[in-house]
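Undergrad: Since the structure of chain G is already known, use the hints to place chain X on it.
As they're listed, the protein sequences go chains G and X.
Reminder that position 82 of the first sequence reads as 82 in the numbering used here, one-by-one numbering, no gaps.
Reminder that position 118 of the second sequence reads as 118 in the numbering used here, one-by-one numbering, no gaps.
Some hints could be false.
As the list claims (entries may be wrong) - Here's a subset of chain X near chain G, in silico, CB distances under 8 Å, partners left out:
id, residue
1, Asp37
2, Val40
3, Ser45
4, Pro51
5, Val53
6, Ala73
7, Thr79
8, Ile82
Hint data in this document are derived by calculation from the structure and do not stem from the laboratory.
No residue lacks a Cβ here, since even glycine has one placed at the ideal position from N, Cα and C.
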Amino acid sequence: MRKSISLLTLILITCATCAQQTESEIKAESPVDFHYTTELIVPELNIPWGMAFLPDNSILITEKSGELILFKDNKKTIIQNPPNVYVRGQGGLLDIALHPDYENTGWIYMSYASSEDHEEGGNTALARAKLNNNTLVDFEVLYKAEPNTKKGQHWGSRISFDNDGHIYFSIGDRGNRDENPQDITKDGGKIYRLNDDGSIPSDNPFINTQNAKKAIYSYGHRNPQGMTKHPVTGAIYVNEHGPKGGDEINIIAKGKNYGWPVISYGINYNGTPFTDITEREGMEQPLFYWVPSIAPCGFVIVNSNFYPEWRGNFLVGSLKFQYLERLVVENNQVIKREKLFEHIGRVRNIKQAPNGYLYMAVEGQGIFKIIPNQN
Amino acid sequence: MKLYYTLIIILTGLPLALQAQSPLEKSIKRGSDLYEDFCVSCHMSYGQGIPNVYPPLAKSDFLMQNRKASIKAIKYGQTGEIVVNNKPYIGYMAPPGLSDDEIADVMNYITNTWGNKNTKMITEEEVSLVEK
Numbered sequence: 001m002r003k004s005i006s007l008l009t010l011i012l013i014t015c016a017t018c019a020q021q022t023e024s025e026i027k028a029e030s031p032v033d034f035h036y037t038t039e040l041i042v043p044e045l046n047i048p049w050g051m052a053f054l055p056d057n058s059i060l061i062t063e064k065s066g067e068l069i070l071f072k073d074n075k076k077t078i079i080q081n082p083p084n085v086y087v088r089g090q091g092g093l094l095d096i097a098l099h100p101d102y103e104n105t106g107w108i109y110m111s112y113a114s115s116e117d118h119e120e121g122g123n124t125a126l127a128r129a130k131l132n133n134n135t136l137v138d139f140e141v142l143y144k145a146e147p148n149t150k151k152g153q154h155w156g157s158r159i160s161f162d163n164d165g166h167i168y169f170s171i172g173d174r175g176n177r178d179e180n181p182q183d184i185t186k187d188g189g190k191i192y193r194l195n196d197d198g199s200i201p202s203d204n205p206f207i208n209t210q211n212a213k214k215a216i217y218s219y220g221h222r223n224p225q226g227m228t229k230h231p232v233t234g235a236i237y238v239n240e241h242g243p244k245g246g247d248e249i250n251i252i253a254k255g256k257n258y259g260w261p262v263i264s265y266g267i268n269y270n271g272t273p274f275t276d277i278t279e280r281e282g283m284e285q286p287l288f289y290w291v292p293s294i295a296p297c298g299f300v301i302v303n304s305n306f307y308p309e310w311r312g313n314f315l316v317g318s319l320k321f322q323y324l325e326r327l328v329v330e331n332n333q334v335i336k337r338e339k340l341f342e343h344i345g346r347v348r349n350i351k352q353a354p355n356g357y358l359y360m361a362v363e364g365q366g367i368f369k370i371i372p373n374q375n
Numbered sequence: 001m002k003l004y005y006t007l008i009i010i011l012t013g014l015p016l017a018l019q020a021q022s023p024l025e026k027s028i029k030r031g032s033d034l035y036e037d038f039c040v041s042c043h044m045s046y047g048q049g050i051p052n053v054y055p056p057l058a059k060s061d062f063l064m065q066n067r068k069a070s071i072k073a074i075k076y077g078q079t080g081e082i083v084v085n086n087k088p089y090i091g092y093m094a095p096p097g098l099s100d101d102e103i104a105d106v107m108n109y110i111t112n113t114w115g116n117k118n119t120k121m122i123t124e125e126e127v128s129l130v131e132k
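Extracted from the complex, chain G is given alone in its bound form (with noise of 0.2 Å):
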């Protein structure tokens, strides 16, 4: 009985905070008119998180699992003395990118989940290495996130550079939201901004700040698992997974805090509501926000002359409704949006190749090369 009356009180509780959501006032349309296909290139690939192009065409492809993948020549190689990997939860060997000069340096950069300093648990850490005979050497961390943690969740782990050789990455809130997010003494919901080399640029905006964490470039963030340069401002864009609703886009500026979870446009996987303002001063607005949530992962900028119709639009994966989402944006404001290749599966990456075509990672099946059809 007794049981009965708390969980009574509990579902009246619920009911008389159910949070009232604003859905996204742009919805996603199916596209009419469409003239892509997709070509899937690199077959049967279970979770492939990251991928970068080399100069000689070949791909390097992670596998959340642990495995890095080279496929060259329609072959997939597995390069020898990958990242020591902490497999949990959302968390396993994540992003991978290459240095903007790689021809002459030779630096490939990972994020992954590591348990390095012997605690248990793990955090999110970002290494360097090159490649040589399709083993890793020269191996360094320039990273890693402080304290480990059993927590499986979010790991952040998108990697870019800026036009001036700063690399950015993501670390997600690790399931800790109501501590880290907001602190920057403390890691975890946080871009960073690290040179090349893993030191500290001297223009970092909290290099002078008391105990905090010098890599810290922005902050307030939940999980941002996309990432790309601007094309053209060569700014730094985000896309950030919300709680139930509330997944947003950002431009990424120096110092600035997100908001997460003071504000949000979104509300408890339950239902429930952890906040109830969506803006406040010193907290910056997102581009665009997603209600419903459609998990998004991967992000990508098209500027190639393959694609002249999609020129200037964002491409975002779905991770859950399993389609790549187009979203045309005119002055700063989503205008459009479009469920590209319905029912692909879990859209996991998106990128604009060297080569100019456009490779979408999708869970369970591969890397697919989308085809413009001239007709």
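TA: Chain X alone, transformed into the frame defined by chain G:
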């Protein structure tokens, strides 16, 4: 108003919390925390899953009738076609990287929540014996 509700929760929750918990109840409690961390984003808060994408756990015939295969799915991952409540799913669930005792806890939770009932407690040892 909020205070009133908080009071109700405390007053109704306290006696429950004070009652001695059985090993199964303790395991279910730990499993509930693990569920919120490792499973909820796909199988959702009420175990309902997402139609055609993530199979349900609430009243799942697969889960309730295939104890060993369910442990195996959580321990080593699950891929290929799987039929849950007469609906086929062709997806991929990566191994979440839980230890055997954690798998036992989360199994005890999902087999005893959302209308599911399982009094035969799953133990760490039982999980450790499930092979790939």
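Undergrad: For each hint, tell me whether it holds in the structure or not.
TA: Status of the hints after comparison with the structure:
1. Asp37: 5 Å, holds
2. Val40: Check passed: Cβ of valine 40 of chain X comes within 5 Å of chain G, closer than 8 Å.
3. Ser45: Since chain G brings a Cβ to about 4 Å from serine 45 of chain X, closer than 8 Å, the hint holds.
4. Pro51: Because about 11 Å separates proline 51 of chain X from the closest Cβ in chain G, which is outside the 8 Å limit, the hint is violated.
5. Val53: 7 Å, holds
6. Ala73: It is violated, given that the least Cβ distance between alanine 73 of chain X and chain G is near 15 Å, above 8 Å.
7. Thr79: 7 Å, holds
8. Ile82: 13 Å, violated
Taken one by one, the earlier hints fail for this structure at numbers 4, 6, 8, listed in ascending order.
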